[in-house]
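Model the full assembly from the supplied sequences, consistent with the hints where possible.
Single-letter residue listing:
Number of protein chains: 2
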Amino acid sequence: MDIDKVFKALADPTRRRLLDQLHSESGQTLTALCEHMDMSRQAVTQHLQQLEEANLVAIVWQGREKLHYLNPVPLHEIYTRWIEKFEHGRLDALHNLKQRLEGDDNDKT
Amino acid sequence: MDIDKVFKALADPTRRRLLDQLHSESGQTLTALCEHMDMSRQAVTQHLQQLEEANLVAIVWQGREKLHYLNPVPLHEIYTRWIEKFEHGRLDALHNLKQRLEGDDNDKT
DNA sequence: TTGACATGCAAGTAAATGCTTGCATATTAT
DNA sequence: ATAATATGCAAGCATTTACTTGCATGTCAA
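Residue numbers (the numbering used here), protein chains in the order written: chain A, 618 to 726; chain B, 618 to 726.
Be a bit skeptical, because a hint or two may be false.
Copies of one chain are not kept apart here, so a pair can be met inside one copy or by any two copies together.
No more than 20 Å apart at the CA atoms, straight line, and that leaves these computed lysine to aspartate or glutamate pairs for DMTMM-like [unchecked claim]:
no. : residue 1 : residue 2
1   : Lys625    : Glu670
2   : Lys625    : Glu694
3   : Lys702    : Asp637
4   : Lys622    : Glu669
5   : Lys625    : Asp637
6   : Lys625    : Glu682
7   : Lys702    : Asp629
8   : Lys622    : Glu642
9   : Lys622    : Asp637
10  : Lys683    : Asp621
11  : Lys702    : Glu642
12  : Lys683    : Glu670
Simulated from the structure, these hints should not be mistaken for lab results.
Following this line, the structure appears as structure tokens:
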């Protein structure tokens, strides 16, 4: 699992919107997805390719139609590898930062 | 909170490494952070600026030294706004996808 | 006060990114 | 068989991104 590809895929608002579309309705075709987007079909294709390479979207061919399915596993991976880790001691970190900031400006107890 | 800036800030491996550095030791100066990185000080500065604009890092000036602190709140925001949402029904989604894939190749019940 | 240290500012550049357009291919429907 | 539909491939282009280098500024210490 290339976590860098996942982060890069998520970095673009259009791609996040595509994920949202697939979340609201699973298995949409390329043209169906294009209808919500204000850009050429090729642009959407290229975004979907990046999502596919990041394993965030899985493709199923059905005749000439290309169906898109959301795969939430990489998102979960980001959670366990990145968010959970920093979440740990979240309140402590904020508390320490706050104290440091306050101590820098005044001597509030 | 500009979630796009957060995603974009996280999209770069160098910036994620900087966050890791700050996670392992809080309140490091710019030069301290530079020691771990294989690029010019200015490059690191620019990365840290993006992290700051995304609110992932908070700065505290102490004389001529610039101390960097990690702020985990935006990460938590990503979790609640993006991951949790897709997490919901994670197993279902996988199950459906699997069924669809199997149904496409054979007629397994 | 002078020199060393920590950082900022800004211009320049190579590579990556997002998008378009034109044409090609494969599948379905009439 | 032919036309319409769904998609792919590839070249081209403008913008953004990551990085460097050179110089300027502010702070601390001898």
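Status of the hints after comparison with the structure:
In the homo-oligomer, the alpha carbons of lysine 625 and glutamate 670 lie at most 20 Å apart both inside one protomer (11 Å) and across protomers (18 Å), since each shortest distance falls under that limit. For the homomeric pair lysine 625 and glutamate 694, the shortest alpha-carbon distances inside one copy (14 Å) and between copies (18 Å) are both at most 20 Å. Taking CA atoms no more than 20 Å apart as the test, lysine 702 paired with aspartate 637 passes between copies only; the shortest distance there is 10 Å, against 26 Å inside one copy. Only within a single protomer do lysine 622 and glutamate 669 lie at most 20 Å apart by alpha-carbon distance; the minimum there is 10 Å, versus 23 Å between protomers.
Proximity of lysine 625 and aspartate 637 under a CA criterion of 20 Å is satisfied in both settings, with 17 Å inside one chain copy and 18 Å between copies. Proximity of lysine 625 to glutamate 682 under the C-alpha cut-off of 20 Å is found in neither arrangement, the shortest distances being 27 Å within a copy and 32 Å between copies. In the homo-oligomer, the alpha carbons of lysine 702 and aspartate 629 lie at most 20 Å apart only across protomers (18 Å), although the nearest pairing inside one protomer, at 24 Å, exceeds that limit. In this homomeric assembly, lysine 622 and glutamate 642 never come within 20 Å of each other (Cα to Cα): the closest approach is 24 Å inside a single copy and 27 Å across copies.
For the homomeric pair lysine 622 and aspartate 637, the shortest alpha-carbon distances inside one copy (18 Å) and between copies (18 Å) are both at most 20 Å. Within a single copy, lysine 683 and aspartate 621 get their C-alpha atoms no closer than 26 Å, and across copies no closer than 29 Å, so neither meets the 20 Å cut-off. For a Cα distance limit of 20 Å, the shortest separation of lysine 702 from glutamate 642 across copies, 14 Å, qualifies, whereas the shortest one inside one copy, 32 Å, does not. Within a single copy, lysine 683 and glutamate 670 get their C-alpha atoms as close as 16 Å, which meets the 20 Å cut-off; across copies the closest is 39 Å, which misses it.
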